[in-house]
Every structure is written in C-alpha cells, then in structure tokens.
Amino acid sequence: MTGFRNDRQKTLAGRVTLDGLGVHSGAPVSMTLHPAPADNGITFIAPGTENEIKAHWSQVSATALCTVIGRDREAIGTIEHLMAALRGLGIDNVVVEVDANEVPVMDGSSAQFVDAIDQVGTITQTAPRRYIRVLKPVRIEMNGAVSELRPYAGTRFDVTIDFDTPLIGRQRFVSDLTPDVFRTELARARTFGKVSDVEKLWAMGFAKGSSLENSVAIADDRVLNPEGTRWPDEFVRHKTLDAVGDLSLAGYPILGEYRSYKPGHKMNHAMLVALFADEDAYELVVGRPQREAAPVDFSGEIAVPAYCPEVA
-5 MTGFRNDRQK TLAGRVTLDG LGVHSGAPVS MTLHPAPADN GITFIAPGTE NEIKAHWSQV
55 SATALCTVIG RDREAIGTIE HLMAALRGLG IDNVVVEVDA NEVPVMDGSS AQFVDAIDQV
115 GTITQTAPRR YIRVLKPVRI EMNGAVSELR PYAGTRFDVT IDFDTPLIGR QRFVSDLTPD
175 VFRTELARAR TFGKVSDVEK LWAMGFAKGS SLENSVAIAD DRVLNPEGTR WPDEFVRHKT
235 LDAVGDLSLA GYPILGEYRS YKPGHKMNHA MLVALFADED AYELVVGRPQ REAAPVDFSG
295 EIAVPAYCPE VA
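Heads up: the sequence shown begins at -5 in my numbering, then just goes up one per residue.
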C-alpha cells in the first residue's frame, strides 16, 4: 500500500485506578484500566461478572443520555469521555474494570483520564495497527442535524453546533486529530447543559451526580460556574470530544473526515451504522498515511452548548 508506513498498536504500561461519581446514579464509582494484549481492542468487564463487553458500535444499547454499551444489568454507560481519551492518545488495547454501571464522570471532560494514562505510560506492541479507511462519502440526516464521513488522508473532525440562545449560538471546531491536538484542544472541554434541563432529569431520576464540579451549568444565558468556561468555545470542543469517543466504537481508528452539524450521541452512532451498512464505503487497512496534521482551524463562527444527555 503505497504511502503507508507500519504503525504499531499500543496499550498501557501498567494498570491505573480512578475513583469518582456516576453522573446519573450519584454513587461512588471505581474504575481500573488494565493493559491488554494486541488485537484485544477496548473491552469493559461488566460489574459483578467476568463477562467482557467490547467497546463497539454493535454493542451500543442507548444514546439518549450518554453512550451505553451492553444490556440490562451488564450495561455500562457514559463511556464516551474515556473512549475519547483512549482514541485521542492512540491507545488500542485496554481492559476496563468498573464496579458500577457507568464510568465515573470525573470533571466532565477527558482530562483526568489523560492524566491517569500519563501516570502509567504506554508501551508499543509488535502487532500492526489497523484502520477503517473511508472510500466514499456517507451522509445521514436526522431532525435537522446532518453528519457525513468523507475520504481523507488522516483523521479529521469538522463539528458545528447551533443553539437558539445568545450565550451559545453557532460554534465550529475543525482539526486533524492527533495526540497533541487532543491533549491541548479537546481533553479539558467539559460536558454542559441548561439548569432547567438538569432539573427535569433529576425529576426523572437521572443526573443525580451532576454538579458544578463536573459540568458547565447554564441559566438565564450565563454560565453559573464561578471559574467560567475553559475556552470561549468550550461547548463545541466538548461536542467534538464526544464525537471522538463515539466514533472510536468503529473498533479501529477511522481514516476519514467527520463533518457534523448539530451532532449528538444518537447521530454519531447512526453515522457508524450507516458506514458499515455500505460495504463499498470503507476498507480495513494496515498502517496510516505519511502526512503532517493540519493546524487547528478556528475560522468558524464562535457563539456557544450540550451535556451527556444530548445534554452532551
């Protein structure tokens, strides 16, 4: 395959444990990330069992409040921020052991997952990395939202959000995805939502662990968090982070450009379903193109929300 070089799989150099809260249960959650052999992929051990659930689009059972894999008592939710950290840092093989039915929300971003990975480091394995290469455009539309995967010699995200509120409005984030870009431009972007929406979720028994410690709260077109936002466009950055995590459920990194207007977990998952429904739209390749990542593009309109429940 001309223009490709060998690229090896990676796993963790050791195990690391994180403790936090479940954003929906409000209960303590302990999670341990373990090194895994080559070609294992990312797998989760269902709480209270020895059963493994593959982090794969075919295992997704819900997308309304966050991304959930598995079913019934073995379901594990809110996996997208952890998955984004693993994909963003180029880690292929990990076993995730969690003692509850959701990944700890931490601060609502991927930052603490990145810190945990950095704490133990990574090792390069002998097996070559495989990629899903997009061969032709695949497009879906859903309730005014539009997403498309297109051929591209790399991995690129072009995400736009558009909210009918002066605080948010329209924002766009465009960049190739590299470990450096993920660390500096996406990992710290937090989940967010309107206080009125969170109150409705509380009444339904969800988002019991949601607080200013793990989300950006919006009320009366102002941010309630004393520290404000981490970027003026933190909201679209978080939506991009979610897309990185959700599209990682392809099973392999995607060589292609993901363009999305008003994305969410449901739309991201539907994009993968549409891609794999068309066998002419993709191929499995070994290695990746030799090219430098394009610089981050902030030329899109800036205005500014989201949150795990399509509430990001």
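Hints are not guaranteed to be accurate.
[Said to hold, decoys possible] Distance windows between CB atoms, simulated: (1) Asp215 / Ile117: 23 to 33 Å; (2) Asp274 / Ser24: 12 to 22 Å; (3) Asp214 / Glu44: 44 to 54 Å; (4) Phe270 / Asp214: 40 to 50 Å.
If you are wondering where the hints come from, they were derived from the structure by calculation, not from laboratory data. Glycine included, C-beta positions come from ideal geometry on N, C-alpha and C.
Each hint tested on the structure:
At about 48 Å, the CB distance of Asp215 to Ile117 disagrees with the hint of 23 to 33 Å. Taking the beta carbon of each, Asp274 and Ser24 are about 45 Å apart, not inside 12 to 22 Å as hinted. Checking the proposed 44 to 54 Å range against Asp214 and Glu44 shows it holds: the Cβ atoms sit about 49 Å from each other. The hinted window of 40 to 50 Å between Phe270 and Asp214 holds, with their beta carbons roughly 43 Å apart.
In this structure, the earlier hints numbered 1 and 2 are contradicted, and the remaining ones agree with it.
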